[in-house]
Amino acid sequence: MTEMTETLPDVPVEASPASRAVLIWRAIFVLVPLIFIVFLALRLGTAKSEHRAEGLAPALEFTTFEGETINLDNLRGQGVVVNFWASWCDPCREEAALLEKTWRREQGKGIIFLGLDYLDQEPAAKAYLAEYDITYPNGPDLRSQVARRYGIQGVPETFFIDPEGKIVDIVVGPITSQAQMDGYLDKIRPK
Amino acid sequence: MLQDDKEPSVKIHFIPLIRVLLFLILLVATTSAALAQTPTPDTSAISADRVNEVARGLWCPLCSGVRLDACELKACVQMKEMIAIKLAEGASEEAIRAYFLEQYGPQVFGEPPREGFNWLAWILPVVGLLGGGLFVWFVIRRMIRSEPIPAVASAKSAAPPDDYSQKLEQELSRYD
Chain L
1 MTEMTETLPD VPVEASPASR AVLIWRAIFV LVPLIFIVFL ALRLGTAKSE
51 HRAEGLAPAL EFTTFEGETI NLDNLRGQGV VVNFWASWCD PCREEAALLE
101 KTWRREQGKG IIFLGLDYLD QEPAAKAYLA EYDITYPNGP DLRSQVARRY
151 GIQGVPETFF IDPEGKIVDI VVGPITSQAQ MDGYLDKIRP K
Chain G
192 MLQDDKEPSV KIHFIPLIRV LLFLILLVAT TSAALAQTPT PDTSAISADR
242 VNEVARGLWC PLCSGVRLDA CELKACVQMK EMIAIKLAEG ASEEAIRAYF
292 LEQYGPQVFG EPPREGFNWL AWILPVVGLL GGGLFVWFVI RRMIRSEPIP
342 AVASAKSAAP PDDYSQKLEQ ELSRYD
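In the order they appear, the protein sequences are chains L and G.
Read in order, the letters of the first sequence are residues 1 to 191 in my numbering.
Read in order, the letters of the second sequence are residues 192 to 367 in my numbering.
Possibly wrong hints are sitting among the right ones.
[As the list claims (entries may be wrong)] Only part of the chain L face toward chain G is listed, based on derived beta-carbon distances under 10 Å: (1) Ala18; (2) Phe36; (3) Phe39; (4) Asp120; (5) Thr135.
The set of hints was computed from the structure by calculation and includes no laboratory data.
Remember, it's a predicted structure, so these values are computed and weren't measured experimentally.
Each residue gets a CB set at the ideal place from its N, CA and C atoms; glycine is no exception.
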């Protein structure tokens, strides 16, 4: 077999314009996805740092169901409890009464409670608030902007922010015991 | 005495006035309470089909890849109820879509918004398709051009048929 191949005259190898184009296209096909992947990785990297809230609490501004605008920056000097909830969320109901009870106890003592209604409908949300007689400021998290900024994993989720505006604790799931709640509050009380 | 005589008549005039005032207060109180409650419109005239027709254009914000009309989550049921309310109020489909966009963001439409970084999601498939098509076209064109294989053809014409046959026979006999 080798003899036979040897007898065949060598084919002159010339880089035709077509093959050059194929090479260019191959390079493009490799480079473009590569650049895209690097770009995505960089973007995911930066997004992650602002996603899962750590350190200083991300900006928070929302309008309550009563039309009052709440801005976290204006609450510096107070401990802030930010609770994400929804009327369709059953575990949220497990902590609703405790949150309201604690809010009533802590009102005027340097701790403020805020409720953000996540992916919900206003009539259902208002019915939920009425059902548990919730009086602390609550409002819809429109377009889930705050939820995204805080990187919540679901509802309920509660953030404990100290008077300097730093997130001290994040609780995923319902807080069902007063002792547990008080433990978190003690860390964010103004001194 | 004169004053004493006048007092009862004043009281008599006041009684109907107080009644009117009380009636007005009650009327204002009841109407304002009714207005404050803003009762939800009657949705019984809105058929489930009509609701689903609108819901088909929206996606469950909690699930991935589930259309609202096919979703049975409590959150989705609430959304469908809201569609019925909006339809009963006379809202157009576009207005309902705009409402849900404001509430849930663009993910409720199940497609990336045509802005900023998200444009990549729209552009890349087209670029990929065009690029891929061009690549395939170039490759096919190259294959068609090189089909005559001039080198083999010249080899065939250069070697006399007899020699070639002999060598072929020799090669084949080695495998017998």
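Outcome of the hint check:
| no. | hint | verdict |
| --- | --- | --- |
| 1 | Ala18 | 4 Å, holds |
| 2 | Phe36 | 7 Å, holds |
| 3 | Phe39 | 9 Å, holds |
| 4 | Asp120 | 7 Å, holds |
| 5 | Thr135 | 17 Å, violated |
The structure does not agree with numbered hint 5 stated previously, though it agrees with all others.
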